[in-house]
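Student: Here's the letter readout for the chains.
2 protein chains.
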Amino acid sequence: MSLILTFLGKGGSGRTTIALAAAKKMASSGSKVLLIGQDPSPSWGMLVGASPSPSPVQIAANLSVVQQQTTLLLERSWDEIKDLESQYLRSPTLKNIYGQELGVLPGMDQALALNSIREYDKTGDYDVIIYDGSGDLATLRTFGIPEVFSWYIRRFRQVLTESDIGKILSPFIQPITSAILNVSWTADDLVNKPSNEANDILDQGRKALANPNRIRAYLVTTDDPVAVTQAKYLWGSAQQIGLTVAGVILNQSELTDTLAAEFAPLSLTSVPSRIGEDWQAVINALPNFQEGVNAPKPLTIEIASNQVRVFLPGLAKNQVKLTQSGPELTIEAGDQRRNIDVPESLRGKPVKGAKFLEGYLIISF
Amino acid sequence: MSLILTFLGKGGSGRTTIALAAAKKMASSGSKVLLIGQDPSPSWGMLVGASPSPSPVQIAANLSVVQQQTTLLLERSWDEIKDLESQYLRSPTLKNIYGQELGVLPGMDQALALNSIREYDKTGDYDVIIYDGSGDLATLRTFGIPEVFSWYIRRFRQVLTESDIGKILSPFIQPITSAILNVSWTADDLVNKPSNEANDILDQGRKALANPNRIRAYLVTTDDPVAVTQAKYLWGSAQQIGLTVAGVILNQSELTDTLAAEFAPLSLTSVPSRIGEDWQAVINALPNFQEGVNAPKPLTIEIASNQVRVFLPGLAKNQVKLTQSGPELTIEAGDQRRNIDVPESLRGKPVKGAKFLEGYLIISF
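So the sequences go chain by chain: A and B.
Residues in the first sequence are numbered from -10 upward in steps of one, following this note's numbering.
Residues in the second sequence are numbered from -10 upward in steps of one, following this note's numbering.
One should not assume that every hint holds.
Note: identical chains are not told apart, hence a pair may lie in one copy or across any two.
[Claimed, not checked] In silico BS3-like cross-links for lysine-lysine, where the CA-CA straight-line distance does not exceed 30 Å:
| id | residue 1 | residue 2 |
| --- | --- | --- |
| 1 | K84 | K156 |
| 2 | K84 | K21 |
| 3 | K71 | K310 |
| 4 | K84 | K341 |
| 5 | K84 | K286 |
| 6 | K338 | K84 |
| 7 | K286 | K156 |
| 8 | K344 | K306 |
| 9 | K111 | K306 |
| 10 | K310 | K84 |
| 11 | K71 | K338 |
| 12 | K71 | K286 |
| 13 | K111 | K156 |
If you are wondering where the hints come from, they were derived from the structure by calculation, not from laboratory data.
The structure displayed is predicted, hence computed values, not measured ones.
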């Protein structure tokens, strides 16, 4: 299993440079590192100083880079879908549609990126995977897929099972499925079975994201107030998907003390400008990314005191909304919604109160 | 109908500043302007110098700004979906799921952004809508939805209609639909009817995108070679969704002549740095965005000479791939696939040759 790192921050604040420097640092200390670039433009290769391709290319000892190409990843995934179809269906239909003709719709970049990170992780070839994504909300949406998608499955399955439509469909399922599928399935199977494998993958993703020793993010910012504001916002937003932010990298500035206060309790590291092709000063200044992390947990549920504590730093009180319209508790912040499946003993109980204290939203039942 | 503008370029090259200056320029010349910001972070408000909200706020004469909030747009769209469901279904199911609990999956930001641009356009309240998106491939994916999604409908409908599954399902459709729906539908209806309204919207979107007097983009770059490379890549990539790029804005640099050559035949405008809150110098330097556009068409089909000419500037020959695996012609470039539904007389004909000439890919049948 690899350690997966990503860097969040405003465009132009030097995220790719820091990602590459981090990759160089860890590779030179002996870890096998893969740097994944999400941007398919040749400008990414210029920043990285290499000719990357959609398959990993080794550019130095222990260091490989790969540049994502969604069209290619889509082609590969489509072949897998067609394989699956041909296993289950009496007369496969999708075989007449070719991966080479599939256009890219919004969302596919992120879903395929996450899947490919999962696959690189599974190979066991890399100790560290650094994902150089767009570093903004889109990257959080990417890592948030397991959490959000699990909720959609959980919630819609429940509503569909209890609905009249579910009951109306029941008598038709058996004859249709036995005509179409190679196997016999009941209505119950149809709701539960096909999603089990998907659920396993999503569960693994959620567990990995909840473990800062598996996946964590660092903020990158300059001293430009706009970049600082963006970094703080992303810090809070990352908590909404359960992603631990482990530190701040201050790029090309010496305002260390002033800015460290803004990001407390995170540790802030100031990194100098790179001079030409000399990376050593930048590499030396970077923190030790492989050290254990001591950052606040995004979510703590204290059953004894009937409290849920959500770490939401960098966001103002009026940027956070708490609702209880469905069966779960919904926290709206950072243009994301997090549904919290509270433990049995708190489920259905009305929220008594909520307060903001030192970066925490504390909800009492 | 509004004129819709967007700016493409590397993060940190000043896209939002240029978008705001363009908005100010057109508002001061008497046009009613709406500036839409996709970034939900408070840093966008800092850049714009206003306190934007998810509904348009007027910040100067003729000038309103709005900051997209996907969670809110999702809530509204969900209510519309529930309304639709309750019109067609005997016993609506979705009513038990609340918009306030829906999480955001990748792709929703873009789909909902495009839908909201469409709705602001429809109000007739604005002469000009400026969309300040992420300015990269994600913005192109957003504007590409009508083209790509139309292809998916066209292709999958065709395959499904001809498939064994389509034939197996037929006898079940009538009893199921009459049990579930308020109306009686045949299998034919089910394939064609529900998508007709969606098709109309997609068709309008494709037509608007193909008309540079309705929608066009400008590139924003500094003289940083990485930013220039990114801008050129986005120029070529924009053609893949049929989006006309009308000019280049060179931010904070005087290398006008050198860079103008790189972007020929586009006109390049050099814009000075803004000093404090004095926008006038920037506004004066900007081109007249409301002038007619004289940029090459993304696609020309010449039936007489059996030729398809695709404008693909800024991309090298090895970045472009031509395939003919499905019934249409597929051009792969800029990590996008464009399927071209060639006219009847060329359909099914094999490609005889393809060459790259002065930024054009010329395909002969």
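Student: Does each hint hold? Answer for all of them.
Tutor: Consistency of the hints with the structure:
1. K84 with K156: between (32 Å within a copy, 17 Å between copies)
2. K84 with K21: Neither: 39 Å inside a copy, 51 Å across copies.
3. K71 with K310: Answer is between; shortest inter-copy Cα gap is 23 Å, intra-copy 43 Å.
4. K84 with K341: Only across copies: K84 and K341 sit 27 Å apart there, 55 Å inside one copy, limit 30 Å.
5. K84 with K286: neither (46 Å within a copy, 35 Å between copies)
6. K338 with K84: The answer is between: 22 Å across copies meets 30 Å, while 50 Å in one copy does not.
7. K286 with K156: The answer is neither: 43 Å in one copy and 54 Å across copies each exceed 30 Å.
8. K344 with K306: within (9 Å within a copy, 59 Å between copies)
9. K111 with K306: Result: close neither inside a copy nor across copies, 40 Å intra and 35 Å inter.
10. K310 with K84: between (47 Å within a copy, 22 Å between copies)
11. K71 with K338: Classified as between: cross-chain Cα gap 27 Å, same-chain 46 Å, threshold 30 Å.
12. K71 with K286: neither (41 Å within a copy, 37 Å between copies)
13. K111 with K156: Answer is neither; intra-copy 40 Å and inter-copy 41 Å both fail.
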